[in-house]
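S.K.: So the chains spell out like this:
Number of protein chains: 2
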Amino acid sequence: MPVRLIEPAAEAYRYPLLVRHLLHTPLACAADQQIIYRDRQRHTYRSFAVRVSQLAGALQKLGVEAGDTVAVMEWDSHRYLECFFAIPMMGAVLQTVNVRLTPEQVAYTLCHAGAKVVLVNRDFLPVLDSIRAGLPGIRRCLLLDDEPGAAAPAWVDAEYEDALAAEAPSFRFEDFDEHAIATTFYTTGTTGVPKGVCYSHRQLVLHTLALTAAVASPAHGQSFRHGDVYMPLTPMFHVHAWGNPYVATLLGVKQVYPGRYVPSELLALRARECVTYSHCVPTILRMLLTYARDNGMSLSGWKLCVGGSALPTGLATEALDAGIDVFAGYGMSETGPVMTVSRLKEPPSVLGRQREIERRCRPGLPIPLVDMQVIDADGRSLPRDDQRVGEVVVRSPWTTPCYVGDPDASSELWAGGYLHTRDVGRQDASGYLQITDRLKDVIKTGGEWISSVELEDLISTLTGVAEVAVIGVPDARWGERPLVLLVADAGASAVLTADSVRQHVEAAVAAGRLPRYAVPERVVFVETLSRTSVGKINKRALRELYGS
Amino acid sequence: MPVRLIEPAAEAYRYPLLVRHLLHTPLACAADQQIIYRDRQRHTYRSFAVRVSQLAGALQKLGVEAGDTVAVMEWDSHRYLECFFAIPMMGAVLQTVNVRLTPEQVAYTLCHAGAKVVLVNRDFLPVLDSIRAGLPGIRRCLLLDDEPGAAAPAWVDAEYEDALAAEAPSFRFEDFDEHAIATTFYTTGTTGVPKGVCYSHRQLVLHTLALTAAVASPAHGQSFRHGDVYMPLTPMFHVHAWGNPYVATLLGVKQVYPGRYVPSELLALRARECVTYSHCVPTILRMLLTYARDNGMSLSGWKLCVGGSALPTGLATEALDAGIDVFAGYGMSETGPVMTVSRLKEPPSVLGRQREIERRCRPGLPIPLVDMQVIDADGRSLPRDDQRVGEVVVRSPWTTPCYVGDPDASSELWAGGYLHTRDVGRQDASGYLQITDRLKDVIKTGGEWISSVELEDLISTLTGVAEVAVIGVPDARWGERPLVLLVADAGASAVLTADSVRQHVEAAVAAGRLPRYAVPERVVFVETLSRTSVGKINKRALRELYGS
Chain Z
1 MPVRLIEPAA EAYRYPLLVR HLLHTPLACA ADQQIIYRDR QRHTYRSFAV
51 RVSQLAGALQ KLGVEAGDTV AVMEWDSHRY LECFFAIPMM GAVLQTVNVR
101 LTPEQVAYTL CHAGAKVVLV NRDFLPVLDS IRAGLPGIRR CLLLDDEPGA
151 AAPAWVDAEY EDALAAEAPS FRFEDFDEHA IATTFYTTGT TGVPKGVCYS
201 HRQLVLHTLA LTAAVASPAH GQSFRHGDVY MPLTPMFHVH AWGNPYVATL
251 LGVKQVYPGR YVPSELLALR ARECVTYSHC VPTILRMLLT YARDNGMSLS
301 GWKLCVGGSA LPTGLATEAL DAGIDVFAGY GMSETGPVMT VSRLKEPPSV
351 LGRQREIERR CRPGLPIPLV DMQVIDADGR SLPRDDQRVG EVVVRSPWTT
401 PCYVGDPDAS SELWAGGYLH TRDVGRQDAS GYLQITDRLK DVIKTGGEWI
451 SSVELEDLIS TLTGVAEVAV IGVPDARWGE RPLVLLVADA GASAVLTADS
501 VRQHVEAAVA AGRLPRYAVP ERVVFVETLS RTSVGKINKR ALRELYGS
Chain S
1 MPVRLIEPAA EAYRYPLLVR HLLHTPLACA ADQQIIYRDR QRHTYRSFAV
51 RVSQLAGALQ KLGVEAGDTV AVMEWDSHRY LECFFAIPMM GAVLQTVNVR
101 LTPEQVAYTL CHAGAKVVLV NRDFLPVLDS IRAGLPGIRR CLLLDDEPGA
151 AAPAWVDAEY EDALAAEAPS FRFEDFDEHA IATTFYTTGT TGVPKGVCYS
201 HRQLVLHTLA LTAAVASPAH GQSFRHGDVY MPLTPMFHVH AWGNPYVATL
251 LGVKQVYPGR YVPSELLALR ARECVTYSHC VPTILRMLLT YARDNGMSLS
301 GWKLCVGGSA LPTGLATEAL DAGIDVFAGY GMSETGPVMT VSRLKEPPSV
351 LGRQREIERR CRPGLPIPLV DMQVIDADGR SLPRDDQRVG EVVVRSPWTT
401 PCYVGDPDAS SELWAGGYLH TRDVGRQDAS GYLQITDRLK DVIKTGGEWI
451 SSVELEDLIS TLTGVAEVAV IGVPDARWGE RPLVLLVADA GASAVLTADS
501 VRQHVEAAVA AGRLPRYAVP ERVVFVETLS RTSVGKINKR ALRELYGS
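In order, the protein sequence lines correspond to chains Z and S.
Using the numbering used here, you'd call the opening residue of the first sequence number 1 and step up by one each time.
Using the numbering used here, you'd call the opening residue of the second sequence number 1 and step up by one each time.
Calculated directly from the structure, the hints in this document are not laboratory data.
Any given hint could be a false lead.
Which copy is meant is left open, so a pair is good if it fits within one copy or across any two.
Claimed, not checked - Below 20 Å or equal to it, Euclidean Cα-Cα: the simulated SDA-like pairs (lysine to any residue) are: (1) K345 to G227; (2) K440 to G227; (3) K536 to D408; (4) K61 to T461; (5) K61 to D157; (6) K61 to D123.
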């Protein structure tokens with residue numbers, strides 16, 4: 001289109017969207033605000049900025065140039081936050097290494113990303129030592145250690161604090177293309193090798209602005225604003241702790257970094273530093289609630305965004321009862337990560353308890369600029385009626401442009417110009433998303449989709465059902481039909497029959513809770529259900545066993 | 001710099017920052033929210049989106065193509081909001097015409113912008129009729145009228161509602177370069193012809209995101225968030241009502257457009273629609289406070305951002321007493337416009353009344369991504385010590401890239417790579433800006449700057465002073481020195497002398513309120529001070545009279 005463009009004045013600043021620009025306002029307005037690491041270190045934003053400069057100087061001395069990859073293997077710390085800024089600001093690429101992978105997988109990701117320098121916490125020295133012989137690309141290594149001065153292996157070049165102390169307090173960060181890759185991270189699916197996603201400076205800046213606008217603006221809680229005290233409870237290696245350290249820094253709030261996650265220490269630190277905003281996966285929330293209950297600790301006044309997997313209503317209720325303003329978010333490694341965050345549009349007193357909890361547990365509402373669609377099998381957008389389910393696809397300015405070096409997977413990810421989440425869900429008229437299934441587990445029948453998870457939830461409430469799995473099996477007429485695999489409680493076989501299961505589902509259909517075509521023709525009673533190594537029901541194995 | 005760039009997957013969406021993308025989340029999450037025009041029309045975001053499509057269809061039928069300029073002469077209305085989106089979304093340029101200019105100036109700006117189609121409110125038909133003969137570039141005209149069906153002159157092509165009604169409810173808005181010019185506006189200085197500034201799609205989107213993050217995030221009031229009801233009280237022609245209608249739309253809040261500003265109607269509308277957030281210049285606030293007091297109306301629960309000129313403490317105090325959460329903002333036509341917004345970092349109970357009001361009246365804190373510096377005469381950044389004054393210069397992603405078609409003024413605006421505001425001020429250690437003078441009125445002496453305004457304020461408190469102006473006059477040794485021009489009250493000449501004025505200033509110097517070099521050598525008693533046509537003291541004339 002022949003739009004109107006204009007030539008800026010020769011000296012006009014073009015303002016590329018670079019990570020360094022996130023620092024202007026916190027340094028002007030919150031220079032004395034604190035950044036805290038456990039009970040070990042207390043910095044200010046002013047000293048943080050000096051340390052970012054010193055880190056860049058130290059890395060430059062180690063040979064890091066623009067375009068190089070610098071890998072970090074670290075717990076959540078002020079040092080990691082310094083890496084979040086210094087490494088991209090040099091024009092280098094920060095690889096946040098998933099330290100929970102096997103040594104072989106860590107080696108694969110370091111090699112694939114072309115890491116040249118590694119910053120490694122003492123706790124991960126054994127892992128790195130076990131794989132470094134196979135990684136000739138790694139030229140230098142900087143040790144991250146809470147106890148400076150302790151002995152280090154000969155192959156470590158320097159200790160972080162020593163390296164910083166040798167540098168000047170201001171580094172000349174230059175401007176460059178806002179599309180420069182700032183960070184990379186490897187995501188592990190259930191199959192195949194880890195896949196690399198990457199984010200540019202432009203993407204990090206836009207994600208930070210949009211997420212700030214989203215979490216700062218709720219009317220009835222679920223907010224992250226000036227005056228809050230921030231502590232991450234999602235590892236910083238995992239898509240920049242969901243982008244929150246960048247938001248916290250932009251806001252200029254007090255930040256608290258807890259190191260390795262140990263419940264007693266996390267909760268003591270939270271109480272001591274008056275933390276008001278965090279984010280975590282359901283497992284961590286479960287762990288914290290249990291610890292706090294067992295030790296008589298208060299959790300009130302804490303706003304907690306839960307993501308990574310669905311927030312169960314039972315867990316949410318327990319958290320609410322403990323005084324936590326708990327709410328869900330939704331995203332994945334490929335999506336920057338945040339796509340949606342939940343918030344209450346009306347105060348709890350208006351919503352009523354049940355609706356309040358349901359709203360808090362929904363993955364939420366799309367954040368600014370997110371174009372989220374739920375599409376049917378033919379790629380058509382479905383209406384926002386909270387009824388029709390389809391695949392969730394998304395466009396936002398901060399989705400990964402590809403899987404690094406994997407054109408086939410990249411094409412699949414972006415088929416049709418939208419990023420495919422491979423999650424199945426529905427949206428309601430007020431924008432709330434609900435995720436009902438993974439795409440691979442959904443049952444596609446007669447052009448419609450049935451959520452295996454919803455059907456399992458329903459059948460599991462029937463007396464006598466010990467375990468249940470629903471899978472799709474090929475059907476000549478409908479494409480697929482649901483097959484119910486059921487483990488009955490001992491002695492329940494007298495009352496629990498295929499007919500009673502069908503009647504139970506039919507009752508839900510009559511109540512409008514499920515579509516008519518969800519009623520299963522086949523119910524098979526089995527002794528056990530196949531499970532994966534981490535204990536999840538293995539639907540792939542079940543499909544192989546019962547699918548034909 | 002050889003940074004790492006990556007080739008996106010072929011089908012990956014590049015996501016240009018276009019105005020149309022601001023609509024995804026409000027349409028998904030707030031489709032039934034209201035957009036109201038006076039007591040005349042009530043729309044929803046859903047019908048607003050349909051009308052935006054219909055407007056684009058109607059304009060296309062009138063021959064509007066990408067790159068064309070469409071001018072709008074209108075009061076604040078839902079129609080104007082539709083223009084804010086439809087015209088840029090077509091790839092065309094929205095010219096928001098300053099309807100307060102003289103007909104000759106309006107003609108100049110329409111001609112300079114190359115307007116091809118004009119949308120004109122019935123109230124401005126006489127103005128347009130008086131100048132249209134000299135504007136052959138204008139091919140078509142659409143009438144904006146609260147009374148559809150009323151008679152229109154023959155040279156009007158159609159009435160707005162009729163034109164919309166003839167169009168399909170969905171227009172195919174295409175993607176294009178995010179640097180495409182979206183809007184243009186003419187600013188009038190004290191000298192010369194109006195100068196055109198312009199903003200690209202990218203700039204509008206970034207300004208909207210950053211302003212949303214800034215106004216949504218305060219801890220102690222001064223906020224604009226979900227749950228608020230928005231009504232502009234700064235004309236929409238003036239730099240998009242300071243960008244607030246875009247923020248309101250992104251948030252998906254209820255919006256109320258008041259038409260022409262009539263105090264009785266504004267306040268009745270505010271009460272009826274429960275408006276909670278507005279913005280205006282001090283003059284409008286003065287007018288509203290007076291009207292409300294005289295008519296016993298409550299203004300409590302209203303958050304009001306005041307900009308355009310300094311918010312006087314007296315006015316702020318009166319507004320606070322009336323229950324208004326009043327606070328200042330700072331920007332100009334060239335800067336997008338918002339650079340800073342004030343907010344309280346601590347609650348009023350902690351600050352104390354005097355400090356609270358002082359903070360509310362400061363132009364405020366830079367909003368995200370704004371790189372604001374105060375520089376001395378040699379272009380060096382001054383420390384944030386609330387003492388040293390210099391020119392305020394700025395970089396942000398939404399400053400105008402130039403004055404359209406005026407390379408000399410553009411070079412001056414962007415000299416040294418920062419946009420020159422020509423305002424003089426200082427910043428304190430916590431980021432608060434204070435504007436002390438206009439650059440042309442500041443007195444430059446021995447490499448330091450003295451604010452004429454601060455000196456005038458001080459001297460005006462001396463008994464017997466009726467009026468005072470301070471100007472800089474050439475000085476062989478110091479460059480410039482202050483000259484005090486003083487009109488004494490009748491009978492005050494016995495006590496008021498040049499010496500008593502100097503002693504008064506010396507006392508302020510001793511108290512650390514002014515620098516030593518601010519003590520004037522020369523104080524001249526005069527009968528009157530020259531004034532401009534709008535009644536302001538004319539310092540240019542005074543410099544001509546007394547400057548040598």
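S.K.: Compare the structure with each hint and give your call.
M.R.: These are the hints, each one checked on the structure:
For the homomeric pair K345 and G227, the shortest alpha-carbon distance between copies (8 Å) is at most 20 Å, but the shortest distance inside one copy (22 Å) is not. For the identical chains of this complex, K440 and G227 are neighbours neither inside a copy (43 Å) nor across copies (39 Å), given an alpha-carbon limit of 20 Å. Taking the closest pair of Cα atoms, K536 and D408 never come within 20 Å of each other, the shortest separation being 28 Å inside a single copy and 70 Å across copies. With identical chains, the CA atoms of K61 and T461 are never at most 20 Å apart, being 63 Å at best within one copy and 60 Å at best between copies.
Within a single copy, K61 and D157 get their C-alpha atoms as close as 11 Å, which meets the 20 Å cut-off; across copies the closest is 70 Å, which misses it. Within a single copy, K61 and D123 get their C-alpha atoms no closer than 25 Å, and across copies no closer than 69 Å, so neither meets the 20 Å cut-off.
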